[in-house]
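Please work from the sequences and hints to get the whole structure.
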Amino acid sequence: MQAAKPLFDYPKYWAECFGPAPFLPMSREEMDQLGWDSCDIIIVTGDAYVDHPSFGMAIIGRLLESQGFRVGIIAQPNWQSKDDFMKLGEPNLFFGVAAGNMDSMINRYTADKKIRSDDAYTPGGLAGKRPDRASLVYSQRCKEAYKNVPIV
1 MQAAKPLFDY PKYWAECFGP APFLPMSREE MDQLGWDSCD IIIVTGDAYV
51 DHPSFGMAII GRLLESQGFR VGIIAQPNWQ SKDDFMKLGE PNLFFGVAAG
101 NMDSMINRYT ADKKIRSDDA YTPGGLAGKR PDRASLVYSQ RCKEAYKNVP
151 IV
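Each residue of the sequence shown is one higher than the last, beginning at 1 in this note's numbering.
Derived by calculation from the structure, the hints in this document are not laboratory data. All residues carry an ideal CB built from backbone N, CA and C; glycine is no exception. Where hints are given, some of them may not hold.
Label pairs and their in silico Cβ distance ranges [said to hold, decoys possible]:
#, residue 1, residue 2, range
1, Tyr10, Lys114, 43 to 53 Å
2, Gln67, Gly35, 47 to 57 Å
3, Tyr10, Ile151, 47 to 57 Å
4, Pro20, Ile151, 23 to 33 Å
5, Met1, Ile151, 30 to 40 Å
6, Val149, Leu63, 15 to 25 Å
7, Glu144, Met1, 23 to 33 Å
8, Pro150, Asp37, 13 to 23 Å
9, Pro20, Ile115, 13 to 23 Å
10, Ala3, Arg28, 18 to 28 Å
11, Phe8, Lys114, 44 to 54 Å
This is the structure in structure tokens:
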């Protein structure tokens, strides 16, 4: 059996010519500052965006960027409408969706099934910024916004 090719031996995506961004954009204005017309991949997360290795979406975004992809972040979107999911435009390749560093149900409820009063991954510790089963809800809103774009 042939060994798998190492991840970083594949050719980089064409957008590598832009180089690494000082930040992963979260708005159309930030994309304009970087000179991007669109994102290749948009990551949707239930956490606040912090460009630090303790936040999974930052690691994934930077890894994809190192392979030449233009990556945008939508952090803690309003899940009750599709507007927040459209603010970066349609991604060229796919939406990457995750509830955040912690499962949304564990983040919202205690072991006694009581609603938590705070959220460690939200600015100010405010509770209630993400829905139950956030990955499902975010995926539904992505499909509502752009029905032909794949979701990973």
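Consistency of the hints with the structure:
In this structure the supplied range 43 to 53 Å holds for Tyr10 paired with Lys114, their Cβ-Cβ distance being about 48 Å. Between Gln67 and Gly35 the beta carbons are some 19 Å apart, a value that contradicts the proposed interval 47 to 57 Å. In this structure the hint that Tyr10 and Ile151 lie 47 to 57 Å apart at CB is violated, the actual value being about 23 Å. A hinted range of 23 to 33 Å for the beta carbons of Pro20 and Ile151 is consistent with their spacing of about 26 Å.
Taking 30 to 40 Å as the suggested C-beta distance range, the pair Met1 and Ile151 conforms, at roughly 32 Å. One distance hint, 15 to 25 Å for the beta-carbon pair Val149 and Leu63, holds here, with the actual separation near 21 Å. In this structure the supplied range 23 to 33 Å is violated for Glu144 paired with Met1, their Cβ-Cβ distance being about 43 Å. Taken as a hint, the range 13 to 23 Å holds for the pair Pro150 and Asp37, whose Cβ atoms sit roughly 20 Å apart.
Remark: the range hint 13 to 23 Å for Pro20 to Ile115 is contradicted by a beta-carbon distance near 40 Å. At roughly 43 Å, the beta-carbon separation of Ala3 and Arg28 lies outside the given 18 to 28 Å, and the hint is violated. Range check, Phe8 to Lys114: about 46 Å between beta-carbon atoms, so the 44 to 54 Å window is met.
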